[in-house]
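2 protein chains.
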Amino acid sequence: MKELSLNKSFGGFQGVHCHESKVCGCDMTFSVYIPPQAEGGRCPVLWYLSGLTCTHANVTDKGEFRRFAAEYGLVVVCPDTSPRGDHVADEKDNWQLGQGAGFYVDATESPYDRHYKMYTYITEELQDLVVKEFPVDRDRQGLCGHSMGGHGALVMALRNGDRYKSCSAFAPIVSPSTADWSRPALRAYLGEDESKWREWDACSLIEDGKRFPALLVDQGDADSFLREGLRPHLLEAACEKSGIPLHLRMQPGYDHSYYFIASFIEDHMAWHGGLLSGL
Amino acid sequence: MKELSLNKSFGGFQGVHCHESKVCGCDMTFSVYIPPQAEGGRCPVLWYLSGLTCTHANVTDKGEFRRFAAEYGLVVVCPDTSPRGDHVADEKDNWQLGQGAGFYVDATESPYDRHYKMYTYITEELQDLVVKEFPVDRDRQGLCGHSMGGHGALVMALRNGDRYKSCSAFAPIVSPSTADWSRPALRAYLGEDESKWREWDACSLIEDGKRFPALLVDQGDADSFLREGLRPHLLEAACEKSGIPLHLRMQPGYDHSYYFIASFIEDHMAWHGGLLSGL
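Quick mapping for you: the protein sequence lines, in order, are chains Y and S. Using the numbering used here, read the first sequence as starting at 1232 and increasing by one per residue. Using the numbering used here, read the second sequence as starting at 1232 and increasing by one per residue.
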């Protein structure tokens, strides 16, 4: 692992690191914020998964999470959104498929099956690296994400309720298998058999019996992707039917940008801080 | 004036705007945050001046000021750091002169005297535009800046104590006329006669009798520019000799980055909020 930068921030340290990923078959960059509380021992870790077109840098620059990570004593890890490199399959003119659009799945279809293993990368390889290299407590992990990353956070939480103790999302894609803007990506990564898409779809996972103790979701009502791509009412219906407590907050006038995320990050950090500190 | 973007943030609105500047002879871009309090009437305005290489965008993305602008009811205007355009004189390989390095002076020397009038642009032309177009109170203006922008804020405050009611800075260049890294720029903009540089140098202005009610300055002690370019002890000595109350806080371990600014922006916004709200 190579440290690309390290800056003191809110009493802790914001680092950016690079490592050779075996799972993805390429170099991967991620950021880690270490709060001041880590001087006293291992801290809970919050995984922040970003949306389409993003790298680790967008939320690291614009998310305004460090003030509250330092307040609640949370390590925050921000991975990239896909494998990267000239040797990695890509569709350069399509922002919804290929590099920057990994959708947090393990691809099974050529040519994407060679590198696009973001689910295993984050839940296993990067987790093990982070636990080994940083003062984090493996037993206190939470997930947060935005848009495509909200989808990733929900799917990882529902499939691994024993590992992740808290989950929240900003404007998540709650049902990528039924949204026009994500179906081409799932087809490219997972193949024609749509029954195999269900384990990568939060609403389908809940329908198929997966549960999580509670979810916090913020959604701007001026988000241009709300009606076609995001459709939080589908998650609301699935949670209501299955008894999962969902705190869905429609935020009037807010769009899909980091200005929206930063405006409500305080509540998300408090949500994770409460759940992860109490363990 | 043309609105380039507008996003709801912390209950207010972050805008980015472009206009044709007569003073600079080019199109200029700036950002304006309007806090929710503006619905009730005109608000105080804080001018945030950025450092070398920056545009309006750096602090707008990374400054984390909106949370507190919304708390204290401050409009925040972030101008660019120089005139811009293919027809504007520049030294492309020199980050300390030309575009991105206007040093907030009114240049008198060719070729810079055609466009490099950032002092008059900010204190007059952009001020008049902002007062006309946004709900700001002309009688409650404050200045804040970083590095070269800290120099700009101090100089504008000292020269216009009747107009600006509050001033603070992050890691300011307190004496550009005596620092090796800024002397070439002052020579290029203002000419060989160094006596004419004094009105663009905070320490010289104080020596020459200019005063301000109180100053807040934060400086990281791990800032790589501290000893050569910034040298806050010169401002400390000038303020002590002249009786200007200077709150100079050396922040251990912090560098020159926006991670440093964001870590202490809360105190600066409170400083300006207190001084400007009480008027």
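Don't take every hint at face value.
Where chains are identical, the list cannot tell them apart; a pair therefore holds if satisfied intra-copy or between any two copies.
In silico EDC-like cross-links for lysine to aspartate or glutamate, where the CA-CA straight-line distance does not exceed 16 Å [to be verified]: (1) K1239 x D1452; (2) K1239 x D1370; (3) K1293 x D1393; (4) K1441 x E1471; (5) K1239 x D1258; (6) K1253 x E1459; (7) K1363 x D1411; (8) K1427 x E1251; (9) K1427 x D1452; (10) K1323 x D1337; (11) K1427 x E1340; (12) K1239 x D1486; (13) K1233 x D1258; (14) K1239 x D1344; (15) K1472 x E1356.
By construction, these hints were calculated from the structure, which means they are not laboratory data.
Do the hints match the structure? See the list:
no. : hint          : verdict
1   : K1239 x D1452 : between (36 Å within a copy, 11 Å between copies)
2   : K1239 x D1370 : neither (26 Å within a copy, 37 Å between copies)
3   : K1293 x D1393 : neither (31 Å within a copy, 36 Å between copies)
4   : K1441 x E1471 : within (13 Å within a copy, 67 Å between copies)
5   : K1239 x D1258 : neither (25 Å within a copy, 36 Å between copies)
6   : K1253 x E1459 : neither (36 Å within a copy, 45 Å between copies)
7   : K1363 x D1411 : neither (40 Å within a copy, 45 Å between copies)
8   : K1427 x E1251 : neither (29 Å within a copy, 56 Å between copies)
9   : K1427 x D1452 : neither (32 Å within a copy, 55 Å between copies)
10  : K1323 x D1337 : neither (20 Å within a copy, 45 Å between copies)
11  : K1427 x E1340 : within (12 Å within a copy, 70 Å between copies)
12  : K1239 x D1486 : between (31 Å within a copy, 7 Å between copies)
13  : K1233 x D1258 : within (10 Å within a copy, 42 Å between copies)
14  : K1239 x D1344 : neither (39 Å within a copy, 40 Å between copies)
15  : K1472 x E1356 : neither (34 Å within a copy, 60 Å between copies)
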